[in-house]
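Sequences listed follow chains A and B, in order.
Okay, so the first sequence: first residue is 1 according to the working numbering, each after it adds one.
Okay, so the second sequence: first residue is 288 according to the working numbering, each after it adds one.
Simulated from the structure, these hints should not be mistaken for lab results.
Fair warning: this is a prediction, and the values are worked out from it, not measured in the lab.
For each residue, glycine too, the CB sits at the ideal point set by N, CA and C.
Mixed in with the good hints there might be a few duds.
[What the hints assert, rightly or not] Covered stretches of chain A (chain B as the covering partner; in silico rule of three or more C-beta atoms under 8 Å from a C-beta of chain B):
{"id": "1", "stretch": "179-187"}
{"id": "2", "stretch": "190-200"}
{"id": "3", "stretch": "279-286"}
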Amino acid sequence: MNRILPVLTVIAAIVALWYAAAVWMNRAWVYDQAARDGAEVSFLQALPQTMTLERPVLPAPHQVVAELVKSTFGMKVTSKKSLVYHGWVTLSATLLGFAIGTGAGILLAVGIIHNRAMDLSVMPWAIASQTIPILAIAPMIIVVLNSVGVQGLVPKAIISAYLSFFPVVVGMVKGLRSPDAMQLDLLKTYNATGAETFGKLRLPSSMPYLFTSLKVGIAASLVGAIVGELPTGAVAGLGARLLSGSYYGQTVQIWAALFAAALVAAALVAIVGLIERRVLVRMGMAR
Amino acid sequence: MTTKAAPVIEAKGLDLVFQTADGPVHALRDVNLTVNKGDFVSFIGPSGCGKTTFLRCVAALEHPTGGSLTVNGMTPDQARQARAYGYVFQAAGLYPWRTIAGNIRLPLEIMGFSKAEQAERVERVLDLVELAGFGKKFPWQLSGGMQQRASIARALAFDADILLMDEPFGALDEIVRDRLNEELLKLWARTEKTIGFVTHSIPEAVYLSTKIVVMSPRPGRITDIIDSPLPKERPLDIRDSREFIEIAHRVREGLRAGHGDEV
Ligand SMILES: Nc1ncnc2c1ncn2[C@@H]1O[C@H](COP(=O)(O)OP(=O)(O)O)[C@@H](O)[C@H]1O
Ligand SMILES: [Mg+2]
């Protein structure tokens with residue numbers, strides 16, 4: 001209870017602020033409309049209207065929730081208007097990209113800790129790759145892959161992987177290097193081979209670091225998948241919903257898609273967190 | 288076990304200079320020492336006098352820059368290949384993701400013992416360090432003293448006849464340390480291992496050892512080697528006996544002398 005109360009307080013404060021902002025930002029439109037009709041409205045008369053506009057500057061929370069519920073549960077999941085449909089399109093690209101990114105990240109990390117040349121050469125490139133704005137890279141990847149006939153899921157997954165491999169490399173390198181000199185010396189006294197040192201010491205030691213990275217990585221994957229949907233001309237996916245919403249001034253739709261994306265991200269991170277707990281408890285590394 | 292004529296550890300004119308950013312550090316200079324089979328040798332001296340470095344040379348974790356060092360008549364590297372020694376560090380260093388039994392199995396897995404033999408050996412050494420029944424526990428479920436006993440069991444599991452221990456009880460409180468010292472003596476009597484033991488506690492060194500090596504720093508060197516006249520059977524209250532106090536006195540003198548010519 002004493003953990004829920006502060007959380008609820010914060011949420012209530014955010015919702016209140018949001019309503020206030022919605023009234024503040026939408027009232028000009030209501031006044032303009034009234035003036036055009038030659039009518040005079042008081043603030044109190046304008047108040048309910050600011051929260052029910054079809055294309056508000058900032059939709060009120062209940063409008064977003066209503067749209068979210070309608071487009072999630074009120075549609076057939078195969079409908080182009082269903083958020084479940086668009087969510088799945090984005091989610092599948094996210095998961096594929098996450099799998100590619102994680103695999104690549106782990107492989108790179110293993111290479112980096114075992115090979116001095118890779119240590120010196122790969123890391124700067126990995127860092128440089130993340131300094132390029134993804135919005136600049138995404139259309140190029142889409143266009144280049146499209147020209148060789150690859151479309152749909154894979155290009156988005158690649159953009160996703162591009163964003164998610166980085167936290168995995170950084171976390172895994174740190175994790176694989178986390179055993180201290182004494183632990184490495186101990187294995188040396190057993191004449192352990194490099195492979196044994198890796199399998200019995202480095203890899204298990206890296207698990208907590210890996211999971212921390214995976215939580216960052218899966219959220220980044222989702223961002224990558226959404227960004228990857230923007231240049232495709234808004235066909236399908238949460239990114240497409242965002243884009244088509246902005247084409248047609250459908251702010252409620254934009255916000256609903258944003259919230260859907262946030263909910264998916266939270267769920268994905270929570271799932272990774274659950275797996276983390278189970279694995280670490282099984283390994284005896286968490287109590 | 289047959290008694291060999293050759294000493295277990297023999298250092299002649301051993302030198303080790305570390306090249307550091309601040310210039311060379313003479314960690315060991317002209318160290319001459321003979322350790323025979325079944326000896327319990329303590330290395331005592333202030334911080335930085337090369338106790339750890341000497342033990343690490345024996346274990347082939349450092350390589351001397353001069354002189355000669357043999358372990359069981361071989362080079363330290365060959366001795367390691369022959370699984371001549373088990374090493375116990377100051378921290379127990381148990382893997383948190385392995386049970387106590389799993390930790391003890393670690394060297395056995397690497398050395399390629401069969402599953403059945405692994406299980407049998409784990410049971411035997413757990414018994415030896417009085418941890419029978421704790422095999423399925425994880426390290427965090429054990430006290431510091433019990434963890435250190437588990438790490439000793441790990442070093443005993445593969446039948447090395449030399450046990451190298453670098454301040455193994457340094458991080459433990461005195462009551463636990465007394466108990467473990469007593470147990471270590473019993474274990475030594477039962478297994479007839481040769482033990483090299485680093486400490487900076489005078490009573491601990493005198494209580495445990497058949498041979499006490501007093502060292503002093505800058506450069507790290509041996510200032511005195513004392514062969515203890517105490518009997519092999521040592522109850523804790525032997526520490527109040529006259530002989531014990533005399534040896535402790537001589538160790539203290541040796542330490543002070545080492546300190547004197549440093550100034
Ligand atoms: N790897 C190393 N590199 C450089 N200097 C070292 C290294 N290991 C130990 N030394 C130095 O060698 C000296 C002896 O160290 P050590 O054997 O650890 O002493 P002790 O165990 O008696 O406290 C110290 O001056 C220490 O700083
Ligand atoms: Mg030391």
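Structure-based check of all given hints:
Three residues within the 8 Å Cβ limit are the bar, and the stretch 179-187 of chain A against chain B gives 5, so the coverage statement holds. Counting residues of the stretch 190-200 of chain A whose beta-carbon sits less than 8 Å from any beta-carbon of chain B gives 5, enough to reach three: the coverage restraint holds. Under the rule that three or more residues need a Cβ within less than 8 Å of chain B, the assignment of the stretch 279-286 of chain A holds, with 3 such residues.
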